[in-house]
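Novice: Make a model of the complete structure from these sequences and hints.
As given, the protein sequences belong to chains U and A, one line each in that order.
Each position in the first sequence, counted from 1, maps to that position plus 20 in the numbering used here.
Each position in the second sequence, counted from 1, maps to that position plus 167 in the numbering used here.
Any given hint could be a false lead.
Here are the computed lysine-lysine pairs in the DSSO-like style, where the Cα-Cα straight-line distance is at most 27 Å [stated by the list, open to error]:
#, chain 1, residue 1, chain 2, residue 2
1, U, K88, A, K216
2, U, K34, U, K88
3, U, K81, A, K216
4, A, K180, U, K81
5, U, K115, A, K216
6, A, K248, A, K178
7, U, K115, A, K201
8, U, K156, A, K216
9, U, K88, A, K180
10, U, K88, A, K243
11, A, K248, U, K81
12, U, K499, U, K511
The hints are simulated quantities; they were obtained by calculation from the structure and are not laboratory data.
Since this is a predicted model, take the numbers as computed values, not measurements.
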Amino acid sequence: MLMTGEQYIESLRKLKTRVYMFGEKVENWVDHPIIRPSINSVAMTYELAHDPQYEDLMTAKSNLTGEKVNRFSHLHQSTEDLVKKVKMQRLLGQKTGSCFQRCVGMDAFNAVYSTTYDIDKKYGTDYHKRFVDYLKYVQEEDLTVDGAMTDPKGDRSKAPSAQEDKDLYLHVVEKREDGIVVRGAKAHQTGSINSHEHLIMPTIALREEDKAYAVSFAVPSDAEGLFMIYGRQSCDTRKLEEGADIDLGNKKFGGQEALVVFDDVFVPNERVFMCEEYDFAGVLVERFAGYHRQSYGGCKVGVGDVLIGAAALAADYNGVNKASHIKDKLIEMTHLNETLYCCGIACSSEGYPTEAGNYQIDMLLANVCKQNVTRFPYEIVRLAEDIAGGLMVTMPSEQDFRSDLKVGKNGETIGEICNKYLVGSPAATTEERMRVLRLIENLALGTAAVGYRTESMHGAGSPQAQRIMIARQGNIEAKKELAKVIAGIKKN
Amino acid sequence: MKIITERFDLKLKCGVRFCGGCNPRYDRGRALEKIKDYFKDRIEFSYAKEDVDYDILLVIGGCTNNCASFSQFNSKLGSIKMWSEDHIDKVIEELEGILLKSN
Ligand SMILES: Cc1cc2nc3c(=O)[nH]c(=O)nc-3n(C[C@H](O)[C@H](O)[C@H](O)COP(=O)(O)OP(=O)(O)OC[C@H]3O[C@@H](n4cnc5c(N)ncnc54)[C@H](O)[C@@H]3O)c2cc1C
Ligand code: SF4
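Specialist: As structure tokens, this is what we get:
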């Protein structure tokens, strides 16, 4: 069953997920003005699946059930599927101008699917079958699942078991006949509150002494002992202002991150997909990170499309659209954005089948993709700010524009003064100019900057993590051989 | 009543499949509307479904890649593909040709 956006929102109301924000419990989090835009973003992943103009990207035929499923719960069956995943993410970035959150789950499904297959092959366990049963349930119910990898990590120089507080990495505290009990937390969790389920993975490669940390499992978001503390975003409380619209930049959509706490949560055996097989923790991390580094070659590009469009509108509204340096800056932004897309498409096209049968991206190219993502959105934002002008950060509030308080010598209101002095070219009204500048502000340093900037830096791993992978996959030795042949060096 | 049914049966059935629209270079929906407007009730256009038999498929891509999947649909006369606004006339011509042959 493919849910509609509305059905998805209603399905969240049935969950008893425990959410805290500003030091208090949020009872009706579905309608909370700070949270709701992020729910609307996820809802778009459902809504577009019903639109014939987007269905080809948004849906796929499940290899597990033969049924049509949302691509966000699909196991990639070909390089074409990998390419379509990236295209779908670009599309959703364009439609929401923000992080739509459902990708982490999709990336986790594909990584856990192939890794459980490999674990079973080595240890004769039955994790893969358990996971397949779980994924069938997810596909049939069309659920959103948080792919949760990142532990809080405490002192970064120490291994999990060497931390003073053992809970700084999520771990197994009890093994029972019917399941396990886990304790710890996952930080920065994208869309966690908006997810029906959580799929947990370890955060780093592990050694034997850390085997209690080698754990992968799934639990409903309202499992006993599980709760979330909402991550605040820059300018978030603007959403609490009465009648807020223009000042939000993007009124309808947004992203979401939270600290997800596992306060001794019981996980039944059928939902455990790794337990102490520490030698597979690194494999799982690498595969998930690989898929997620591919993902950014789609989602960030779609958001980039919105930002480039906004910058071009700002140029029109400021009356500078014909200036050659402005045109050139828009070309540069497009060039950078499409370069990211090239990386997303390239690592997908060069994908290959895993032993389990689903497709994995090309690791080198996916890491190159993400490495570029840690840089280009910053440059695109810099150019957008250049084009927009300073007003994007000095503009009075929308209340001022609406104010009829008389302040001028001839009885002009605050609104009239704002409109008089902040007008741009005849191409737009002052309000339209405000709207587009606020959208740029939102993406450059407001709530959406979380997804477009800092997540581009750290999400799916900080830049150094990609450089390690690039070093490993770069094949410098073969390149030396090439150079030797051309240069006529005979020495081995 | 019978006459209406027979006329209905004669109508060419065209299944429409859009690409997923990640970065279309033109308005694909409007292009379809133009084609539909041209044929009025001579061709029955509907979004392609797997369990339906069509006379012809119209595959509307947003760019030259035209990556829409369509092999899962049944069509007697194959498919017509377009990926640019400039293709509207060509599509109309091809569909006219098919109508001519089937009459
Ligand atoms: C907006 C956002 C959304 C996210 N969404 C998700 C999500 O949905 N699911 C998920 O699992 N994760 C998510 N992440 C987490 C992301 O994967 C991490 O932020 C990333 O792995 C970096 O970890 P960190 O933030 O703890 O930074 P740190 O690990 O503290 O890194 C900070 C700096 O220290 C360096 N460093 C860290 N450890 C070492 C070391 N041992 N030796 C040398 N240098 C070191 C890093 O290279 C970096 O330069 C998200 C992050 C962000 C910002
Ligand atoms: S950051 Fe991008 S890939 Fe990750 S969940 Fe958000 S939209 Fe998806």
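Novice: All the hints need checking, so say for each whether the structure fits it.
Specialist: Tested hints:
no., hint, in the structure
1, U:K88 - A:K216, "12 Å, holds"
2, U:K34 - U:K88, "25 Å, holds"
3, U:K81 - A:K216, "13 Å, holds"
4, A:K180 - U:K81, "25 Å, holds"
5, U:K115 - A:K216, "25 Å, holds"
6, A:K248 - A:K178, "20 Å, holds"
7, U:K115 - A:K201, "25 Å, holds"
8, U:K156 - A:K216, "23 Å, holds"
9, U:K88 - A:K180, "24 Å, holds"
10, U:K88 - A:K243, "24 Å, holds"
11, A:K248 - U:K81, "23 Å, holds"
12, U:K499 - U:K511, "15 Å, holds"
Going down the numbered hints, you'll see the structure goes against none, and every one checks out.
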